[in-house]
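Protein sequence lines correspond, in order, to chains L and Y.
The numbering used here puts the first residue of the first sequence at 97, with every later residue one more than the last.
The numbering used here puts the first residue of the second sequence at 97, with every later residue one more than the last.
Do not take every clue at face value.
One copy or two, either will do: identical chains are not told apart, so a pair holds if it fits within one copy or between any two.
Pairs of lysine to any residue, SDA-like flavour, derived with a Cα cap of 25 Å [unchecked claim]:
| # | residue 1 | residue 2 |
| --- | --- | --- |
| 1 | 283 | 225 |
| 2 | 223 | 448 |
| 3 | 283 | 446 |
| 4 | 396 | 524 |
| 5 | 283 | 470 |
Please keep in mind that the hints were generated in silico from the structure rather than gathered at the bench.
Source: prediction; values computed, not measured.
Number of protein chains: 2
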Amino acid sequence: MSSANTAEISKATEQTDIKSYVAELGRAARTAADALAAAPTRAKNAALEAVAAHLLSDRAKILEANARDLRAGERAKLAAPLMERLQLDDARVEAMAEGCRQVARLPDPVGEISGMAQRPSGIRVGKMRVPLGVIGIIYESRPNVTIDAAALCLKAGNAAILRGGSEALHSNLATADALRAGLRAAKLPAEAAQVVATAERAAVGALLAMDDCIDVIVPRGGKSLIERVARESRVPVLRHLEGVCHVYIDAAADLGKAVEVAFNAKARRYGICGAMETLLVAKAVAREVLPELSRRYFAKGIELRGCDASREIVPQMKTANEDDWRAEYLDAILAVRVVEDMEQAIAHIAAYGSRHTDAIITENLSRANEFLRRVDSSSVMVNASTQFADGFEYGLGAEIGISTDKLHARGPVGLEGLTSQKYIVIGDGSVRA
Amino acid sequence: MSSANTAEISKATEQTDIKSYVAELGRAARTAADALAAAPTRAKNAALEAVAAHLLSDRAKILEANARDLRAGERAKLAAPLMERLQLDDARVEAMAEGCRQVARLPDPVGEISGMAQRPSGIRVGKMRVPLGVIGIIYESRPNVTIDAAALCLKAGNAAILRGGSEALHSNLATADALRAGLRAAKLPAEAAQVVATAERAAVGALLAMDDCIDVIVPRGGKSLIERVARESRVPVLRHLEGVCHVYIDAAADLGKAVEVAFNAKARRYGICGAMETLLVAKAVAREVLPELSRRYFAKGIELRGCDASREIVPQMKTANEDDWRAEYLDAILAVRVVEDMEQAIAHIAAYGSRHTDAIITENLSRANEFLRRVDSSSVMVNASTQFADGFEYGLGAEIGISTDKLHARGPVGLEGLTSQKYIVIGDGSVRA
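Could you build all of it, start to finish, from the sequences and the hints given here?
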């Protein structure tokens, strides 16, 4: 841990007024955002490559700072999963550097002009893609988010203010050194990516109130963090709430595909937001498909909680109650319900789902189209595993989160979601009649 | 005024709890939104045509209700411009009906699929355009907004809750009858377009808090209304704040074009948000262009308020102070400032503008491109009058407002801005590795 960082933390925590400290970050970010918006692609890419190089050359210092956070975490008796998320090692630092390089290789979304069309008045009208401005990232204990999020913001021409969990403060400040050094190396303002150097919770409230300096807040973390941010923020928020995802096996499903997809959607990984949490099965095929599928789930150690009709077919299931239909287990547990038909499946998803990702398994084209059209989720799938819901799988190159909101960006959010479009109008001395 | 409406108003105003009345509207809208989202284009168009027909056949009843509002307005001594906006006549009712028919003729944005691409994993990924859901419109005294806004929401597959100014309540309820009748004629739920039947101000607060039933709020009206809505709302807001628009006459301008555009940008209409409020002129051409331009402004009765350098060239100008750079006059007044160069013009626009619409007049290609890229406004123009900032002029067919926000929709908002895009994924039993 460098003495510069120690000085920086004391500077921040000595502030009797956290608000004025955060306001200072905001003003600096606003100024830096203008420079970033005008920066050529090669300068942004050079900064990202330089950040990667600094992460690797600063590795010892970063791991030392992380060790300090880990020791404090042990003293504070943090839960094991939190400690796991907090921990950096050689491989994680290398992954952060590789992430920067990957973002450098992505096409620059800024400046793209689309839809230029001649209008009867003589003007030409189109849209130009531009940065959003200043993005506030509020996250929990993973120190790698500092670099991942800053890299995406930077490539999209935005300034970032990063506020990670207090338990990761020293790790975040150590990686922030690499960010600053990389920006400076590319002659971009170091204030384009600032880490909030205080563990004070009041800093979050100050960020959420700063709608003059911050254009959008992206919270990353558990449901309670995101709900707090959405409730308090005066700045627009790109929300990623929970993923209560469904697979519906239709009466016209190919049962072989159904078993493969429904197994993958639950069992591939439990802890990701695209994991299926409730399986819906059409009554007409439940007796055919549930026994085999249940055997595979049980063999993997997955607990099934079924409705009465499911338990009649597979008596080893536990009984599901109303709470199970709403649960985001993120664990080796699956709720199972037999439904009359697609109509009832769609109604169930509307009533209990979280509008994240839902899939139908069917060979019937009309029903596939109707499901696609009517299910109001950020990703709707046909004959594919809900675990595909991911920016890399969708070809975005990277993602800053998955939005369950409807405005602006929906589903996996990549570089494009961190930009806006303005109208451009080209005339030739044109006046309106 | 029909007795049904009187009954409706008393029902609402008798409510000791306005919140529960508004909550009821919200729940009904949510249910209606599902039906609207699934409605075929021909049903939505049939409803719009039927609304138009009902507006014309109900014309006498609508004008009677409007007369009642006007009498109350006289008693309350409403200001003349407000009375003018409140007043309906044959021509205005016909324009409302024609507006519905025009929206019926626009292409349906819902269901459009774009960008379907094959991914290495075997899935195909693209986006489908879908309605936003329930849209709350909060507006002031113009009763025609009720129909204009409802028609756009309906065509984009959304349910609308409309809350107009209390001084227009009877007019709004009379037009709401036509909306309901048109929806019913097309077998769509009448709750797809509901007018809030109470003059109580608490209804606005209740709408703004209802983030479970309303997906987006569109305020239409003066700055204080929009600021209140933005401040209080728990629901995302599409904001249209003020238009402090600039024309910058560059040193490389064609001065003939400069005079035409700068005159049109101010003088064509004063009261619209795209009207120029401050003229910036490069020092190098100020002596050449300002005298002629000033003569034209003065001949039209426009007051000029200039900086010292402008007044040196045109001494008849009044003196501009700091407030003039920030003013949205919406009147026959123009602030004028001589600047060193484009750099200073861009800095002025960033410091004092409202990010609505700004134009450069130049024949220099590099500077035109730089202005387009660097000015952070919803519309940026080259050699064209700022008065072009309008959904019809841009080819959107219609507009519900002009967004000065950066997220979701920016600039004139038409049907597309009232929709969202979800990801669709098509596999063939595809599982994630």
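Alpha-carbon proximity context of residue 283 and residue 225, limit 25 Å
within (23 Å within a copy, 41 Å between copies)
For the identical chains here, do residue 283 and residue 446 meet the 25 Å Cα criterion within one copy, between copies, both, or neither?
Between copies only: 23 Å across, 50 Å inside.
When no copy is named, should residue 396 and residue 524 be tagged within, between, both, or neither for a Cα gap of at most 25 Å?
between (69 Å within a copy, 24 Å between copies)
Measure nothing new, just compare the shortest in-copy and cross-copy C-alpha distances for residue 223 and residue 448 to 25 Å and report within, between, both or neither.
Close across copies (24 Å), not inside one copy (38 Å); limit 25 Å.
Is it within a copy, between copies, both, or neither that the alpha carbon of residue 283 lies no farther than 25 Å from that of residue 470?
Between. Shortest inter-copy distance 19 Å satisfies the 25 Å Cα cut-off; intra-copy 50 Å does not.
Figure legend: structure checked against the earlier numbered hints; every hint is met.
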